[in-house]
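Peer 1: Sequence:
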Amino acid sequence: AVILPTLLYGAETWTIYQKQVRKLNHFYLSCLRRILKLTWQDRIPDTEVLERTGILSIFAQLKQLQLRWSGHLVRMDDERLPKRLFYGDVAMGSRRQGGQVRRYKDTLKTSL
1 AVILPTLLYG
11 AETWTIYQKQ
21 VRKLNHFYLS
31 CLRRILKLTW
41 QDRIPDTEVL
51 ERTGILSIFA
61 QLKQLQLRWS
71 GHLVRMDDER
81 LPKRLFYGDV
91 AMGSRRQGGQ
101 VRRYKDTLKT
111 SL
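With the UniProt record's numbering applied, the sequence shown covers 1 to 112.
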């Protein structure tokens, strides 16, 4: 009951990379396996562990949290700082050349 809120604290505003998702997923599934008293010798796949618990994967839960937060952003007043930051009203200038760092807005667009 305490693992999931601790693991996903503030996840609504994270910019998620695949490496981070893999690490979160590994930790989450190892906790579920420990709760179910499964060992690595049982050789039960991750999908079956999730089916047994009836819980969504960590990636699906992250997407739900982010979509819920985006709904809050859309309904906020225009002068609120989170909304101004999301729509880029505060920052002046342009992004640097080269490979771009993923922004929260980019992550949200891929999930829609």
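For the record, the hints were derived by calculation from the structure and aren't laboratory data.
Keep in mind that this is a model prediction, so the values were computed, not measured.
Some hints here could point you the wrong way.
[Claimed, not checked] Taking lysine to any residue pairs in the SDA-like style, the calculated list, with each CA pair at most 20 Å apart, reads:
{"id": "1", "residue 1": "LYS63", "residue 2": "THR107"}
{"id": "2", "residue 1": "LYS83", "residue 2": "SER111"}
{"id": "3", "residue 1": "LYS63", "residue 2": "GLN97"}
{"id": "4", "residue 1": "LYS19", "residue 2": "VAL2"}
{"id": "5", "residue 1": "LYS19", "residue 2": "THR39"}
Peer 1: Return the numbers of the hints above that this structure violates; sort them in rising order.
Peer 2: 3, 4 and 5
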